[in-house]
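Asks: Here is what each chain is made of, one letter per residue.
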Amino acid sequence: MPIKTEPFYLNIGPQHPSTHGVFRMRVMLDGEVVVDVEPVIGYLHRGIEKLAEGRTYTQNIIFTDRLDYLSSMTNNLAYCMAVEKLAGIKVPERAEYLRVIFAEVMRISSHLMAVGFFLNDLGAMMTPVLYMWREREKILDLFEMVSGQRLLYNYMRIGGLSQDVPAEFMPAMKKFIAEMPRYVDEYDQLLATNEILLARAKGVGILPRETAIDIGASGPVLRASGVKWDIRKMNPYSIYDRFDFEIPIGQNGDCYDRYWVRMQEIRQSIRIVEQALKQIPDTGPIRADVPLYIRPPKGEAYGYIEAPKGNLGFYIVSDGSIAPYRLHIYPPTLINITALRDMVKGWKVADLIIIFGSIDVVLGEIDR
Amino acid sequence: MNLLDQFKIWLVSMGWPGWAAYLVPAITGIVVIIAFVLTVVIVFIWWERRFLGRFQIRTGPNRCGPEGIFQPIATAVKILLKEDIVPEKADKILHFLAPIVVFVPILMLFAVIPLSEGAILVDLNVGAVYVIAISSISILGIFMAAWASANKYSLISGMRAIAQMVSYELPVVLSLVGVAIVAGSFSMIKIVETQNIPYVFLQPLGFIIFFLGALAEMNRCPFDLLEADSEIVAGYHIEYSGMKFAMFYLGEYGVALAYAGVITTLFLGGWQGPLLPPILWFLIKVMLVFSLIVWMRATLPRLRVDQLMSFAWKGMLPMAVINLILIAIEVLIIPHSLQWAMVMLNFALAAVLILLFSRLFTLGGGRVEV
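Protein chains in written order, with the working numbering: chain A, 853 to 1220; chain B, 44 to 413.
Chain A with its partners taken away, still in its complex shape (with noise of 0.2 angstroms):
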């Protein structure tokens, strides 16, 4: 007698351990083989875009450390620097330097997070997370020294810094930047070449580099798929052509590419911030002379920078007066996360956790 056999859907999330906060999928399942997924997202709304236009352009800075909070500084710097496009501002040039030390170091921080998280939901029972936690804690460290916090910096100001950094702060930095290459080969020498890792992860959710392109994904995300796309080398913001690093990229689009790439890039930020370091003049304005309520004119900009997870892009329209008539936020992993249904049809739900994981996505982010 054949046994009548048929999908059935599997609600996973919003409260499940590795969604990554609230994101839910609902997922039909044949056995263990993902037949369809739908992702249900809106569980984290906050209402940031409308909250902004009832601000000023100061106060809205602490929206963006909400956005995704794992790279706070990247979000207020992409948010300043649309606010600045706008108004027409010029960044003093010692701010511009810390405002890259800041960035790439959040850079460094929230790759870390993606690939031990992303070992996480292979079933690695938290060791590579505590091992990453342990870098991170000492870039944590360094930004408390700086702003005063932890997570949610609201450090960066538009037209530069809130406060220049303490005396001890450059030391520090420079010792933290020392040591780090030494424990990015501790984790290459415990991961790159675990045949559980490479078994699970190479080959596992492709996505291919036309469909990367045409979905408009970004990050490493879009740079795993075989892309060369980087707009801190094809758009330099800031003053990132001063610079010499490289754009890793991987070949096949899959998890195992997009942990790699990951990696790389941790290695090519810890280069730009000993660049940085070096070329950082000691002294010198961290603020350029903004008045409290800047009342850019009329107009519209659109401010987009190379975040952790992609690129992040603040649209802002000016009406003239102190609060943003219309703040729209371009977030990376939400176009990131639209193929999610393509990458994971036909792979078992094991897989689909760490398809998913390894998109490196945040809900504020998703959600604002």
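Read the hints as simulated data drawn from the structure, not as lab findings. Keep in mind that the hints are not guaranteed to be accurate.
[As the list claims (entries may be wrong)] Cross-link-like lysine-lysine pairs, in silico, DSSO-like; alpha carbons within 30 angstroms at most:
| # | chain 1 | residue 1 | chain 2 | residue 2 |
| --- | --- | --- | --- | --- |
| 1 | A | Lys-937 | A | Lys-1150 |
| 2 | B | Lys-132 | B | Lys-195 |
| 3 | B | Lys-121 | B | Lys-132 |
| 4 | B | Lys-357 | A | Lys-856 |
| 5 | A | Lys-1085 | A | Lys-990 |
| 6 | A | Lys-1054 | B | Lys-357 |
| 7 | A | Lys-902 | A | Lys-937 |
| 8 | A | Lys-937 | A | Lys-1197 |
| 9 | A | Lys-902 | A | Lys-1150 |
| 10 | A | Lys-1054 | A | Lys-1085 |
| 11 | A | Lys-1130 | A | Lys-1080 |
| 12 | A | Lys-1080 | A | Lys-1197 |
| 13 | B | Lys-195 | A | Lys-1197 |
| 14 | B | Lys-132 | A | Lys-856 |
| 15 | A | Lys-1130 | A | Lys-990 |
| 16 | A | Lys-1197 | B | Lys-357 |
| 17 | A | Lys-1080 | A | Lys-937 |
| 18 | B | Lys-195 | A | Lys-856 |
| 19 | B | Lys-135 | A | Lys-856 |
| 20 | A | Lys-1197 | A | Lys-856 |
| 21 | A | Lys-1054 | B | Lys-195 |
| 22 | B | Lys-135 | B | Lys-125 |
[Unchecked claim] Selected chain A positions facing chain B (Cβ under 7 angstroms, derived; list incomplete):
| # | residue |
| --- | --- |
| 23 | Leu-982 |
| 24 | Leu-1049 |
| 25 | Lys-1200 |
Just so it is clear, CB atoms sit at the ideal spot from N, CA and C, and this is done for glycine as well.
Given chain A, work out where chain B should sit, using these hints.
Replies: Chain B in isolation, oriented as in the chain A frame:
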């Protein structure tokens, strides 16, 4: 001579009636075994937490008592005080029975594990086969729990349980037969007594296969698919709380202790060892095996379900068969006095076979067209 038999003879010589002389030693033995198991399990829970902490560059629990030794007791009290929740759509009877069906066979395993010379509840002449037979019953309990919970996550876990445990039973049995061939008996006491050279040296490949199979049987990393917390949250015990959950929790460590004991008995020479008393040697070896298990848990990611199955059927099963045939031939042609030659030969064969398989063998399928 079995200690319990001596006790029985002493009772009879004291003038006790026959039925009491039979019953009292039996009950004493059972109580001692259960007390032993629960005590060692508590030490295991503590040791796993502390040892795992070392791997994960953290301290682990260190507040309850010296070095956190009372933390498992605090955990037990916490679990006991929790509300017992039964899902509305659950099959109430099966949901109640499942933890018992999981836990009782695990306790029964200890009947044939010799803790020390003569310290064994019953010296069955088929002790090793008894271990395999009884440990399979737990699978039934796990599937009962998974099915009765009326939860899709636990259902997936139940399906995995059946597939995984049935597949890994075969290589485990085959590598056990290798031991039995050399020892000439299935009796656990006999197996220990014949180990002049521990069988881990005499049959390295058999040890590896048995150890990996045992890992899968007790759902330990990297084969912990049944409770894969990043995928199916907690698997079969997702809908359990309170005392019923405690049974699963104890069972998990109990089976780890049982298999560590079986591996010690079969491959590491059981209670034998110089200088220290036998029971201490047994405990040291059990702790070593358990530490190895914890080490793997701290280090390795998890396999996928199809990779797990192909590893069992395409990797471990053929290797176990080859191992068995080679052992049988060696026992026939190599005289007993030349056992050291067998050690050399078997290490070489194990290295060649593992290398060969790692080259020729790919794990699992991949994408399925849907």
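Asks: Now, for every hint given, state plainly whether the structure supports it.
Replies: Hint check:
1. Taking the CA atoms of A/Lys-937 and A/Lys-1150, the gap is near 12 angstroms; set against the 30 angstroms cutoff, the hint holds.
2. Under the criterion of a C-alpha separation no larger than 30 angstroms, the hint pairing B/Lys-132 with B/Lys-195 is consistent with the structure, at around 12 angstroms.
3. About 26 angstroms separates the Cα atoms of B/Lys-121 and B/Lys-132, which keeps this hinted pair within 30 angstroms; it holds.
4. For the given pair, B/Lys-357 sits about 29 angstroms from A/Lys-856 by alpha-carbon distance, which is consistent with the 30 angstroms threshold.
5. For a cut-off of 30 angstroms, the pair hint linking A/Lys-1085 to A/Lys-990 stands: about 28 angstroms separates their Cα positions.
6. Between A/Lys-1054 and B/Lys-357 the alpha-carbon distance is near 20 angstroms, which keeps this suggested pair within the 30 angstroms criterion.
7. With a C-alpha separation of about 21 angstroms, the suggested pair A/Lys-902 and A/Lys-937 falls inside the 30 angstroms cut-off, and the hint holds.
8. At roughly 42 angstroms between alpha-carbon atoms, A/Lys-937 and A/Lys-1197 are farther apart than 30 angstroms, so this suggested pair is violated.
9. With a C-alpha separation of about 19 angstroms, the suggested pairing of A/Lys-902 with A/Lys-1150 holds against the 30 angstroms cut-off.
10. Of the supplied pair hints, the one linking A/Lys-1054 and A/Lys-1085 holds, its CA atoms being roughly 28 angstroms apart against a limit of 30 angstroms.
11. Of the pairs offered as hints, the one joining A/Lys-1130 and A/Lys-1080 holds, with about 27 angstroms between alpha carbons and a cut-off of 30 angstroms not exceeded.
12. Straight-line distance between C-alpha atoms of A/Lys-1080 and A/Lys-1197 comes to about 26 angstroms, which keeps the hinted pair within the 30 angstroms bound.
13. Taken as a hint, the B/Lys-195 and A/Lys-1197 pair is honoured in the structure, with Cα atoms around 20 angstroms apart against an allowance of 30 angstroms.
14. For the given pair, B/Lys-132 sits about 23 angstroms from A/Lys-856 by alpha-carbon distance, which is consistent with the 30 angstroms threshold.
15. Pair hint A/Lys-1130 plus A/Lys-990 holds up; C-alpha atoms about 21 angstroms apart against a cutoff of 30 angstroms.
16. For the hint pairing A/Lys-1197 with B/Lys-357, the CA-to-CA distance comes to about 26 angstroms; that is within 30 angstroms, so the pair holds.
17. Pair hint A/Lys-1080 plus A/Lys-937 holds up; C-alpha atoms about 26 angstroms apart against a cutoff of 30 angstroms.
18. The hinted pair formed by B/Lys-195 and A/Lys-856 meets the criterion: a straight-line CA distance of about 18 angstroms does not exceed 30 angstroms.
19. Using a Cα cut-off of 30 angstroms, the hinted pair B/Lys-135 and A/Lys-856 holds, with the two alpha carbons roughly 26 angstroms apart.
20. Taking the CA atoms of A/Lys-1197 and A/Lys-856, the gap is near 22 angstroms; set against the 30 angstroms cutoff, the hint holds.
21. The straight-line distance between the Cα atoms of A/Lys-1054 and B/Lys-195 is roughly 28 angstroms, inside the 30 angstroms bound, and the hint therefore holds.
22. Annotation: proposed proximity of B/Lys-135 to B/Lys-125 holds, straight-line Cα distance about 19 angstroms (limit 30 angstroms).
23. For A/Leu-982, the suggested interface contact is upheld, since its CB lies about 4 angstroms from the closest CB of chain B, less than 7 angstroms.
24. Interface hint status for A/Leu-1049: upheld, as the beta-carbon distance to the closest one in chain B is roughly 6 angstroms, under 7 angstroms.
25. Residue-level restraint check for A/Lys-1200 holds (minimum Cβ-Cβ distance to chain B is 6 angstroms; threshold 7 angstroms).
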